[in-house]
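**Student:** Next come the chains, spelled out residue by residue.
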Amino acid sequence: MSGKVVTVTSGKGGVGKTTVTANIATALAMLGKKVVAIDADIGLRNLDVVMGLENRIVYDLVDVIEGRCRLRQAMIKDKRQPDLYLIPAAQTRDKMAVSPSDMILVCDELRQEMDYIIIDSPAGIERGFRNAIAPADHVLIVTNPEVSAVRDADRIIGLLESEEKGPGRLIINRLKPEMVARGDMLSIDDVLDILAVELIGVIPEDESILISSNRGTPVAMSGLNGSSASQAFRNVAQRIEGQTVPFVDLTPKTGLLNRLNNWFSKS
Amino acid sequence: MEQVASQIGIKGIREGLLISVPDRGSFADLVALLNVELAQKQAFLQGSQVALQVGYRKLDKEYLRQLQAVFEQNQLELWAVLAEDPSAREAARELALATRLSGSQTDLNGNFLSQMPEPGTANTVASAQPAQGGLILKETLRSGRSIFHEGHVVVIGDVNPGAEIVASGDVIVWGRLRGLVHAGALGDETAVICALELNPTQLRIADQIAISPDEKRGRTIPEQVAIRNGQIVAEMWQK
Numbered sequence: 001m002s003g004k005v006v007t008v009t010s011g012k013g014g015v016g017k018t019t020v021t022a023n024i025a026t027a028l029a030m031l032g033k034k035v036v037a038i039d040a041d042i043g044l045r046n047l048d049v050v051m052g053l054e055n056r057i058v059y060d061l062v063d064v065i066e067g068r069c070r071l072r073q074a075m076i077k078d079k080r081q082p083d084l085y086l087i088p089a090a091q092t093r094d095k096m097a098v099s100p101s102d103m104i105l106v107c108d109e110l111r112q113e114m115d116y117i118i119i120d121s122p123a124g125i126e127r128g129f130r131n132a133i134a135p136a137d138h139v140l141i142v143t144n145p146e147v148s149a150v151r152d153a154d155r156i157i158g159l160l161e162s163e164e165k166g167p168g169r170l171i172i173n174r175l176k177p178e179m180v181a182r183g184d185m186l187s188i189d190d191v192l193d194i195l196a197v198e199l200i201g202v203i204p205e206d207e208s209i210l211i212s213s214n215r216g217t218p219v220a221m222s223g224l225n226g227s228s229a230s231q232a233f234r235n236v237a238q239r240i241e242g243q244t245v246p247f248v249d250l251t252p253k254t255g256l257l258n259r260l261n262n263w264f265s266k267s
Numbered sequence: 001m002e003q004v005a006s007q008i009g010i011k012g013i014r015e016g017l018l019i020s021v022p023d024r025g026s027f028a029d030l031v032a033l034l035n036v037e038l039a040q041k042q043a044f045l046q047g048s049q050v051a052l053q054v055g056y057r058k059l060d061k062e063y064l065r066q067l068q069a070v071f072e073q074n075q076l077e078l079w080a081v082l083a084e085d086p087s088a089r090e091a092a093r094e095l096a097l098a099t100r101l102s103g104s105q106t107d108l109n110g111n112f113l114s115q116m117p118e119p120g121t122a123n124t125v126a127s128a129q130p131a132q133g134g135l136i137l138k139e140t141l142r143s144g145r146s147i148f149h150e151g152h153v154v155v156i157g158d159v160n161p162g163a164e165i166v167a168s169g170d171v172i173v174w175g176r177l178r179g180l181v182h183a184g185a186l187g188d189e190t191a192v193i194c195a196l197e198l199n200p201t202q203l204r205i206a207d208q209i210a211i212s213p214d215e216k217r218g219r220t221i222p223e224q225v226a227i228r229n230g231q232i233v234a235e236m237w238q239k
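Listed in order, the protein sequences are those of chains A and B. The first sequence: position 10 = 10 (the numbering used here), numbered continuously. The second sequence: position 166 = 166 (the numbering used here), numbered continuously.
In isolation and in its complexed conformation, chain A is listed as follows (with noise of 0.2 Å):
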């Protein structure tokens, strides 16, 4: 068996790399899958505080790395999901503690037992982003809907294309249907005419990904009250799996109210 290795980048910071890492992690492990999530962001580790594994740490990647401890003892198994594990980053050390020849060999190592490894890279193009996409098979680029991530996007995917990492996969994130369809925020087909690569997820805003965030819970395991990211989350998985999961119509509901506003804001 032979592991997949997927890393989700994006170039910027702030557009949800960790959230989107931590609940398509889960999301695969409630597939049934054995997934580790790697945090690659050395330094500024919070990959396991979304997780919430945070007070469960001893052991760290640059520990591995450095012969510390051997590499089952860094991985922690997931509180909910018995075959999600996660490699948290240390918070002391910085990027240079990690070379991108070593990121090769742990997953190696990990592809022999787990079915996906799912890195989670630090934002910038500089070390810590080598470092997550030098052992990645397939790469996953999260950008928002707004002018400054697609740039930055786009910078990421010509990186992968010159690094032969293929153009990625894109998941547009945080994305409101409203304010869209008011014309204040980039649509779909806005991001995707820039980048031009294939569209693997579109996560609306959702404030159940914060509330669950903060609790250590990743809304894709927690989405009780039919939260759509969760749902958006739990496709993504599916599309990674290689099933073909129509995109859930984000277009916001025209009641009697919205059309009223409309007509009034038109004229």
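For the record, the hints were derived by calculation from the structure and aren't laboratory data. There's no promise every hint is true.
[To be verified] Residues of chain B clear of chain A, computed beta-carbon distances all greater than 12 Å:
#	residue
1	Asn35
2	Ser143
3	Val192
4	Gln224
5	Val233
[Claimed, not checked] Derived pair list, reagent style DSS-like, types lysine-lysine, alpha-carbon separation capped at 30 Å:
#	chain 1	residue 1	chain 2	residue 2
6	A	Lys12	B	Lys61
7	B	Lys41	A	Lys165
8	B	Lys11	A	Lys12
9	A	Lys165	B	Lys11
[Stated by the list, open to error] Using C-beta positions, here's what the derived DEER-type ranges look like:
#	chain 1	residue 1	chain 2	residue 2	range
10	A	Cys69	B	Thr99	20 to 30 Å
11	A	Glu54	B	Ile156	48 to 58 Å
12	A	Gln73	B	Ala32	33 to 43 Å
13	A	Ser101	B	Val31	18 to 28 Å
14	B	Gly133	A	Glu54	58 to 68 Å
15	A	Cys69	B	Gly151	50 to 60 Å
16	A	Ser148	B	Ser146	33 to 43 Å
17	A	Ser187	B	Arg93	55 to 65 Å
18	B	Gln73	A	Asp190	40 to 50 Å
As the structure is a prediction and not an experimental result, all values here were calculated from the model. Note that CB positions come from ideal geometry on N, CA and C, so glycine has one too.
Assemble the complex: chain A is given as a structure, and chain B must be docked to it using the hints.
**Tutor:** Same frame as chain A, now just chain B:
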């Protein structure tokens, strides 16, 4: 080594080429990297003068001599070393290499502030001869890509915002032009820029600069941009 391949930046400046190399990694890696990169691009780089930007890398005279040799093998001439490390600058001076670009035309990142040659300098002589040779790129130029070419450039694909093309001749974009293009960069005022869809961040021809009007343009018709009466104008391609 692959991981750092794209860390070698090559861009055109008035004095020739500005090549920036990564701070980190061993010297042997750097030499290997340069050899690969220069060999690939030898065809259109050769004969240029090179200013090498080395960041905080520590280099002594012996290392610099080796670098000189690397460039010589690739038919390039190293004339300046831009280093942050004082001892590397000292070593460069001892080898009679320049350690800064003249007239401080670069900003702190080594980005060239003005790519316009002053009238009467050697570069305008170059423009008297028509630009030769074309570079055809069958790909979309994404943000961060920088193409410098002495001659014409044809892109079959889009030029995205954040990408730039600097050419001494004409620039044709068979696709959407949304980035920055500088045609006739060595002073050729007859250079033109053509695109199927023209929506650039900025256009330059010779020493003229133009920006797109602010309002969104719904038009998606081919246009040609040229200098008319000393001004950059865009004309619809309808002949």
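**Student:** Does B/Val192 sit more than 12 Å from chain A, CB to CB?
**Tutor:** holds, 25 Å
**Student:** Using the beta carbons of A/Gln73 and B/Ala32, state whether their distance is inside 33 to 43 Å or not.
**Tutor:** Holds, at about 37 Å.
**Student:** Does the alpha-carbon distance linking B/Lys11 and A/Lys12 stay inside the 30 Å limit?
**Tutor:** Between B/Lys11 and A/Lys12 the Cα gap is close to 24 Å, so the pair holds against 30 Å.
**Student:** Taken at face value, is the distance from the CA of A/Lys165 to the CA of B/Lys41 at most 30 Å?
**Tutor:** holds, 22 Å
**Student:** Non-interface claim for B/Gln224: all C-beta distances to chain A beyond 12 Å?
**Tutor:** Holds, because the least Cβ-Cβ distance between B/Gln224 and chain A comes to about 23 Å, which exceeds 12 Å.
**Student:** Is the Cβ of B/Ser143 more than 12 Å away from each Cβ in chain A?
**Tutor:** Since the minimum Cβ distance to chain A is about 4 Å, B/Ser143 lies within 12 Å and the statement is violated.
**Student:** Run the distance test for A/Lys165 versus B/Lys11: straight-line Cα separation, threshold 30 Å.
**Tutor:** holds, 25 Å
**Student:** For B/Val233, is the shortest CB-to-CB distance to chain A above 12 Å, so the non-interface label stands?
**Tutor:** holds, 26 Å
**Student:** Would B/Asn35 pass as off the interface with chain A, using Cβ distances and a cut of 12 Å?
**Tutor:** Holds: least Cβ distance 18 Å, greater than 12 Å.
**Student:** I want to verify a distance hint. Is the separation of the beta carbons of A/Cys69 and B/Thr99 within 20 to 30 Å?
**Tutor:** violated, 47 Å
**Student:** A/Lys12 and B/Lys61 were given as a pair; does the straight-line alpha-carbon distance stay at or below 30 Å?
**Tutor:** violated, 39 Å
**Student:** At the C-beta level, are B/Gln73 and A/Asp190 separated by a distance inside 40 to 50 Å?
**Tutor:** About 48 Å separates the Cβ atoms of B/Gln73 and A/Asp190, which means 40 to 50 Å holds.
This entry does not satisfy hints 2, 6, 10, 16, going by the numbered hints stated previously.
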